[in-house]
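Undergrad: The listed protein sequences correspond, in order, to chains A and B. Numbers -9 to 302, taken from this note's numbering, label the letters of the first sequence in order. Numbers -3 to 126, taken from this note's numbering, label the letters of the second sequence in order.
In case anyone wonders, no lab produced these hints; they're calculated from the structure. Given the structure is predicted, the values throughout are model-derived calculations rather than measurements. Yeah, the Cβ is synthetic: ideal placement off N, Cα and C, and Gly gets one too. One should not assume that every hint holds.
Claimed, not checked - Here are some chain A residues the structure puts well away from chain B; computed CB gaps all over 10 angstroms:
hint: 1; residue: 7
hint: 2; residue: 42
hint: 3; residue: 79
hint: 4; residue: 80
hint: 5; residue: 81
hint: 6; residue: 84
hint: 7; residue: 88
hint: 8; residue: 102
hint: 9; residue: 158
hint: 10; residue: 207
hint: 11; residue: 216
hint: 12; residue: 240
hint: 13; residue: 245
As the list claims (entries may be wrong) - Below, computed lysine to any residue pairings styled on SDA-like, alpha-carbon distance capped at 20 angstroms:
hint: 14; chain 1: B; residue 1: -1; chain 2: A; residue 2: 92
hint: 15; chain 1: B; residue 1: 126; chain 2: A; residue 2: 14
hint: 16; chain 1: B; residue 1: 78; chain 2: A; residue 2: 20
hint: 17; chain 1: B; residue 1: -1; chain 2: A; residue 2: 20
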Amino acid sequence: MDIVAELLAGSRLALSRAITAVENEYEDATAIMQKLYPHTGRAYVIGITGPPGAGKSTLTDKLAKACRRQGKTVGIVAVDPTSPFSGGAILGDRIRMNELTLDEGVFIRSMGTRGSLGGLSRKTADAVKIMDAAGKDVIFIETVGVGQSEVDIVKAADTTVVVLVPGQGDDIQAIKAGILEIGDVFAINKADRDGAERLKAELEMMLDLDQVKAEWRPPIKQTIASQGVGIDELIATLEEHIRYVTGSGELAKRRKQRTRNEFIALLEENIHRRILGKITASGQLDQFVAEIETRNSDPYSVVSRLISEFLR
Amino acid sequence: MEKRIRVLVAKPGLDGHDRGAKVVARALRDAGFEVIYTGLRQTPEQITEAALQEDVNVIAMSLLSGAHNTLFPKVVKMIRDKGMNDVLIIGGGVIPDADIPGLKEAGVSAVFTPGTPTGSIIEFIKTNVK
């Protein structure tokens, strides 16, 4: 079947197969992305991140339903961790989104991290593009729940929601670098638990310390996603952020930066794959490793030699 | 190329016992498969739609409530109707031996009853997945 034509005509199976092609690096993956690219750039992309157990899936489920009530179509990419030992994964975020499964205006795809650093791979970004080309109005990326260093999502999302829960960590956590810096909007979920007010106060303090006087001060909303509490307020805040980034030119700036990052990442990946593929096939890889290991050569010299050879 | 076998593990129908399904899901994970776990009380429509969105290679259903003769064949039919002809469909749970030939005729490739070592499920999937 012609995946691209069928996808653009609305086939859900074609949409699904296109994501698989990218995920598994099938031969036709590049051709598919080439043909879909002109159809991308229309969807609004919202990243949902935060520590494990913060309630990201439940919150995503509720936000998606709110978008549906407004008549918007929704795509969801839910990322879960891949075992570093077996390469297997349990992708369980759909459990919280079961009611969305039969809604034709929603498409949910689970992805394993499959060893990518930072948890959010280029393939996730490609899956988002594929859903975008398929006409989804709003796309949620729910990240793997790893926490502090997981900041890659800002590169793929127009608006990033950081979901936190009371009772995790002390106030020094709030001034560390990382996840708290990437939030455009904060959601304190499970806000009926002890410590919700304290967490809010700590976050406010962190935001007060922000030296860069940005026009957008990230709002902090309290939610109880499992009961649907605070969802309308959170949606209103997201809309406010969308209006702000659109009106201020910030969105255009972010998307330009993203295009640049993605181009560079693709370039790096292709060069890497090309060179590695060649030296693996020729057996040189093992030979280089042996030379380096026995100190007959060093990695710096071998890489310099290889690069000058390839770029001749 | 990093093809991973993707398996949808689902509990169709109304039974509320998913320990077996979780044991199987965990074993499949440890065998290097990507397991999409959809949880309890799924309708054939939900299972079919989830399998389509997730583009799985295998659907593994577990059922203890006795409705297997209705629900398993229904999922097989719905999956094939969606054009997913290469998806391997297997079942497990409390299923009388006498029902197994009929289920196989309906397109369930294998039925694993209580006591089956998880290793044989993994082996079956590896051998038969397309």
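Undergrad: Would you check whether the claim that residue 102/A is not at the interface survives, using Cβ distances to chain B and the 10 angstroms cut-off?
TA: The assertion about residue 102/A is violated, with a minimum of 5 angstroms to chain B.
Undergrad: Holds or violated: is the Cβ of residue 245/A farther than 10 angstroms from all Cβ atoms of chain B?
TA: The claim holds: residue 245/A sits with its nearest Cβ about 27 angstroms from chain B, beyond 10 angstroms.
Undergrad: Just double-check residue 80/A for me: nearest Cβ-Cβ distance to chain B has to come out over 10 angstroms.
TA: violated, 5 angstroms
Undergrad: Does residue 42/A really sit off the interface, with its C-beta more than 10 angstroms from all C-beta atoms of chain B?
TA: Check passes; 16 angstroms lies beyond 10 angstroms.
Undergrad: Mind verifying the non-interface call on residue 81/A? Its CB should be farther than 10 angstroms from each CB in chain B.
TA: violated, 5 angstroms
Undergrad: Beyond 10 angstroms from every Cβ of chain B: is that where the Cβ of residue 88/A lies?
TA: violated, 7 angstroms
Undergrad: Is the claim that residue 158/A lies outside the interface with chain B correct, judged by CB distances over 10 angstroms?
TA: holds, 25 angstroms
Undergrad: May I ask you to check that residue 207/A keeps its beta-carbon over 10 angstroms from the closest beta-carbon of chain B?
TA: Holds, since 37 angstroms exceeds 10 angstroms.
Undergrad: Would you say residue 216/A is clear of chain B, with no C-beta pair closer than or equal to 10 angstroms?
TA: Its Cβ never comes within 10 angstroms of chain B, the nearest being 15 angstroms, so this holds.
Undergrad: Over 10 angstroms from every CB of chain B: does residue 7/A meet that, or does the non-interface label fail?
TA: violated, 6 angstroms
Undergrad: May I ask you to check that residue 84/A keeps its beta-carbon over 10 angstroms from the closest beta-carbon of chain B?
TA: Incorrect as stated: the minimum Cβ-Cβ distance to chain B is 5 angstroms, not above 10 angstroms.
Undergrad: Straight-line Cα separation of residue -1/B and residue 20/A no greater than 20 angstroms?
TA: Holds, because 16 angstroms separates the two Cα atoms, which is no more than 20 angstroms.
Against the hints set out earlier in the document, violations occur for numbers 1, 3, 4, 5, 6, 7, 8, 14 and 16.
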